[in-house]
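One-letter residues, chain by chain:
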Amino acid sequence: MAENNVMVYAETAEGMLTAMATEGLGCGRKLADDLGQELSAVLLGADVESLAGEAITFGADKVYVVDDPLLKDYRTDAYLAAMEKVVNEAKPQIILMGQTTVGRDLAPSLAFHLGTTATLDCIDLTIDPESKQLLRTKPVYGGNAQAVFNSETNPQIASIRPKAMTPLQPDTSRKGDIIKIDAGLDPAAIRTAVLDRVVEEVAGIKLEDAETIVAGGRGIGGPEGFQQLEDLAKTLKGAVGATRPPCDNGWVPDTVQIGITGKIVAPDLYIAVGLSGSSQHMSGCSGAKTVVAINKDAEANIFRQAHYGVVGDWKKIVPAFTEKVRNLLAS
Amino acid sequence: MNSIVCIKQVIDPEAPPSSFKIDTASKKAVLSGVPPVVDPYSEYAVEAALKIKDGQGGTITAISLGNNMLREVVKKPLSMGADELILLEDDAFTDGDSWTTAFALAAAIRKVAEYDLIFCGREASDTNAGQVGPAIAKLLGLPVVTLARKIEVSDGKARIERVTDDGYEVIEVSLPAVITVSNEVGEPRYPTIKGIMAAKKKEPAVWKPADTGLESSQVSTAGQRARIVKLFQPVREGTCELIEGESPEEAAANLAQKLRDAKVL
Numbered sequence: 001m002a003e004n005n006v007m008v009y010a011e012t013a014e015g016m017l018t019a020m021a022t023e024g025l026g027c028g029r030k031l032a033d034d035l036g037q038e039l040s041a042v043l044l045g046a047d048v049e050s051l052a053g054e055a056i057t058f059g060a061d062k063v064y065v066v067d068d069p070l071l072k073d074y075r076t077d078a079y080l081a082a083m084e085k086v087v088n089e090a091k092p093q094i095i096l097m098g099q100t101t102v103g104r105d106l107a108p109s110l111a112f113h114l115g116t117t118a119t120l121d122c123i124d125l126t127i128d129p130e131s132k133q134l135l136r137t138k139p140v141y142g143g144n145a146q147a148v149f150n151s152e153t154n155p156q157i158a159s160i161r162p163k164a165m166t167p168l169q170p171d172t173s174r175k176g177d178i179i180k181i182d183a184g185l186d187p188a189a190i191r192t193a194v195l196d197r198v199v200e201e202v203a204g205i206k207l208e209d210a211e212t213i214v215a216g217g218r219g220i221g222g223p224e225g226f227q228q229l230e231d232l233a234k235t236l237k238g239a240v241g242a243t244r245p246p247c248d249n250g251w252v253p254d255t256v257q258i259g260i261t262g263k264i265v266a267p268d269l270y271i272a273v274g275l276s277g278s279s280q281h282m283s284g285c286s287g288a289k290t291v292v293a294i295n296k297d298a299e300a301n302i303f304r305q306a307h308y309g310v311v312g313d314w315k316k317i318v319p320a321f322t323e324k325v326r327n328l329l330a331s
Numbered sequence: 001m002n003s004i005v006c007i008k009q010v011i012d013p014e015a016p017p018s019s020f021k022i023d024t025a026s027k028k029a030v031l032s033g034v035p036p037v038v039d040p041y042s043e044y045a046v047e048a049a050l051k052i053k054d055g056q057g058g059t060i061t062a063i064s065l066g067n068n069m070l071r072e073v074v075k076k077p078l079s080m081g082a083d084e085l086i087l088l089e090d091d092a093f094t095d096g097d098s099w100t101t102a103f104a105l106a107a108a109i110r111k112v113a114e115y116d117l118i119f120c121g122r123e124a125s126d127t128n129a130g131q132v133g134p135a136i137a138k139l140l141g142l143p144v145v146t147l148a149r150k151i152e153v154s155d156g157k158a159r160i161e162r163v164t165d166d167g168y169e170v171i172e173v174s175l176p177a178v179i180t181v182s183n184e185v186g187e188p189r190y191p192t193i194k195g196i197m198a199a200k201k202k203e204p205a206v207w208k209p210a211d212t213g214l215e216s217s218q219v220s221t222a223g224q225r226a227r228i229v230k231l232f233q234p235v236r237e238g239t240c241e242l243i244e245g246e247s248p249e250e251a252a253a254n255l256a257q258k259l260r261d262a263k264v265l
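As they're listed, the protein sequences go chains A and B.
Position one of the first sequence corresponds to residue 1 (the working numbering), numbered consecutively onward.
Position one of the second sequence corresponds to residue 1 (the working numbering), numbered consecutively onward.
With the rest of the complex left out, here is chain B:
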C-alpha cells in the first residue's frame, strides 16, 4: 500500500499574534523571529499515511512545493516515518494560487506513478483555501473523500469516516483515491531518534518545473486563476471591561450583575 502525502511549509500558526505582520508588497504574512513549521494539517495527513503503513506496510512519499524550503522543516515527515521526500522547489513556485499548486503537485504525482493513496491536509493553516486535495483528484481523474478522521484499507478499497456537521459518515471508495485528512484523525506522532537520524542522512529529490513537464504558462502568476487583491488585519474593536472583586467568587457575582445591568442576561 503506497501513499503519497502532500505537505506544506508554513509560518507557525501557533506563534503569538504580536509576531504576526503583513507584508503589503508581497501580500503575504510574515513572522518576526519565529521559524516556519510543517503545516499542522499536513502533519495529520502524514499521520494518516503512517497509520496505513503501520498496518499494511508499503512506502510513503512526501511531496512539498515552494521555494527556499528549510530542509530541517520539510524533512519532518521523513523523521516521522515517511520513506522519500520530493521537493518541487523553484522561484516559479514562490507565487501562484490553488490552481498552480494543484497543477504542479498533480504533475509530480503522475511522475511518481506508483501509489494507492494520496493524502492531503483538509486545508493549509496559512491560506485556509481547502482546495488542493479535491483539485488534485480532479486533475488526476481520481475519486476524492474529504475531511477524513479514520481510514481503513482492504481489498483495494478504503473505508473512510468522514467528518460531518453532526457526526460522521462512512464512505467506501476504490483505490487509488485522494483523501483529505482532518485533525480528528489523532495527534501526529513525534519523530523518533532513529527517524531523525535516518532523515538527516536522506537527501530529498529536488524537481524543477521542467522535470515534471510544467511550462512557464502553467506556474506562478502566469498560471493562476485567482488573484489576491488585498491582505489585511481586521481592526479589533472595543476594549475589555475587567470585572474585579475581593475574591474570585465576588468577582464572579459582580460579572453576573454587570451582565444583567447591561441587559445581556
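Chain A on its own, in the form it takes in the complex:
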C-alpha cells in the first residue's frame, strides 16, 4: 500500500493535549490538504483515549490510540515500539512531532529505525509542488543561518519547533475515526526505567506562557542582579529568562534558559538585559513581537535584533525603568 496520509504524534501532558500537539495538527492539516491526503493523529500513553475527540476538533481525520500502562512515562523503547506498530498500520508519508524532550529523542530514533533520517526543530514545512516531498526549514549554525532539507525516503520525518506553527480553531462539528491499536509491548524489551521525575519549575508565570519576558545574560553578574529583573518582570506580569551563562553559573535554574537548546519562547515583549544576543540565544526568542535591549556595549549584536534600546549600565537603567513602568501602569 502506498503511503497516503500525514501523521502527527500528538503529545499529551497531565491528561490534556499539549499546545505543541495542536500546533502540530495545525501544520499537519495544511500539509495533508496540500497533498490531498488524510491527517492522522497518534496518541500514546496511559488513559489517553478520551483525548481522541479533541484531536479531531483540532484537525485530525483519524486518530490512532495506543493506550497502555507501559506508555505512562516516555521511554524510548516503548514509544518506538508503539509508533512502529501505528506506522505499519497507517502507512504515513509524513510523520511530524514536536521539538520537545520527547520529540528530540523519539524523532531520530524512529527515523533510523525506519531506515531514514529526521529533520529536527523545523520552523517551516511545505510540500514541494513537483516532487511532493516535504521541504523542511530549520535553523543551523546556532541560528546564524537556516537550511532547507528534503529526503527521497519515506516516511518523511520532522520535528516542529514550539510556537512556530498555528493551531486550527477547534471545530467540534468535525468528524473523524478513532482506531485503537494494541502495541503488544514486551516489558523486557524496554531497556530504560524512569526512577523519578523532578519538576524544577520556578514560581510564577511559566516562561512559555508569559506575554512579557525579562531576560538576563552574563552581564547581570550574579543571582542578586536577577532579583532586580524579577522585580521588573513582576511589575509587567511577566517571567524571567536567561541566556546560558547565568544557568551554567547557577545564578538561575537551568529551566529558564532560552535558546536553541533551551526554551523556545514567543512573547509580545522581550526585554533583553546585559546579554549580547548570540545567535544560539536569539534563535530561542525569534518569535518575540517587540524586543527591547539594555546593554552597555553599543556594538552588541542585541542592538541589531532589538526594536528599542538603551545603551548604558543596566544597574542604573533597570530600577528607573521599573519605577517608571509601575507609574505608567498605575495611571
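No wet-lab data here; the hints were simulated from the structure.
Hints should not be assumed to be uniformly reliable.
Stated by the list, open to error - Only pairs whose alpha carbons sit at most 20 Å apart, straight line, appear in this in silico SDA-like list of lysine to any residue: (1) Lys237(A) - Ile205(A); (2) Lys289(A) - Pro40(B); (3) Lys315(A) - Glu244(B); (4) Lys263(A) - Pro40(B).
Assemble the complex: chain A is given as a structure, and chain B must be docked to it using the hints.
Frame of chain A; chain B shown alone:
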C-alpha cells in the same frame, strides 16, 4: 568502565557574526580568519566521560569523523584526559548527512568493540541536527538516553538525570548504552600542561572507509538519506531605535514612556 566519545570539529560557534559567511556552492558556512574548534557539545560529552573515569577508572577513546582535521583541534580530548583518538578521515567523509555520519561512527565503534558507554553531544553546534546519538544506538542495537546532565555508574547500570522541559527525570539503563550529553553536565575542564604534553606525543589512529568495512555506497552523498537544498541567512528586519537621556535614569524613563506611546506596554 570504558567509554567512547564522538567528537566533531566545527567552525567556531563563538566567532563574531560578522565573520560568518555562507559558501553557496558547498552549502556550508565558512568563517574568515577564525580557526575551527572542537564542538562545545562534544566537549560536554568528553567531560561526562572524564567524570566517569575520575570515579571508576577505565579508558576513553575519542572518535571523530571528517576530512583534513586539524590535529591541534581534534587532539583536545586527549589533552583533557582521553586515552586514544581515532580519526575517520577521508575525502569520502567531507559530505554526507546524519545517516552517513552515524553509519560510519557505528562501524568504527563496532571495530573498537570494548566499551561500556558511548557519549555524544546532544547535537552539534553547526548542523544542530541532534540525530547522531540516537542513530548510533539504533544502528548498534543499544539503548539510548538523551539530554543527560548527570551520570552515575554502578553494577553494570547507569543512572542518568535527563533534562526535561520543566526539570529532569532520573533514568536507569543497563550498559552498554549510548548517552547524549547536555550543557547542564557542567563546564568542560581545561587541558592540563601534562595533558597537553601527552597529547602532543600521541598519534591518532587514522581509519579510511575500508578500514571499518564501509563501501562507497554507504558514504558521502551516495549514502545519504537527506539532502540540503538551500542554506541562507535570514534577513534581519528593522532597525533599533535608541532611546537617550541626560542620565541613565532619564533614558530608562524615556524608554518606558516610548513603549507606552507605542502601546507595547
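Hint by hint, here is what the structure shows:
1. Lys237(A) - Ile205(A): This hinted pair holds, its Cα atoms lying about 8 Å apart.
2. Lys289(A) - Pro40(B): violated, 31 Å
3. Lys315(A) - Glu244(B): holds, 16 Å
4. Lys263(A) - Pro40(B): holds, 19 Å
The earlier numbered hint that this structure contradicts is number 2, and it is the only one.
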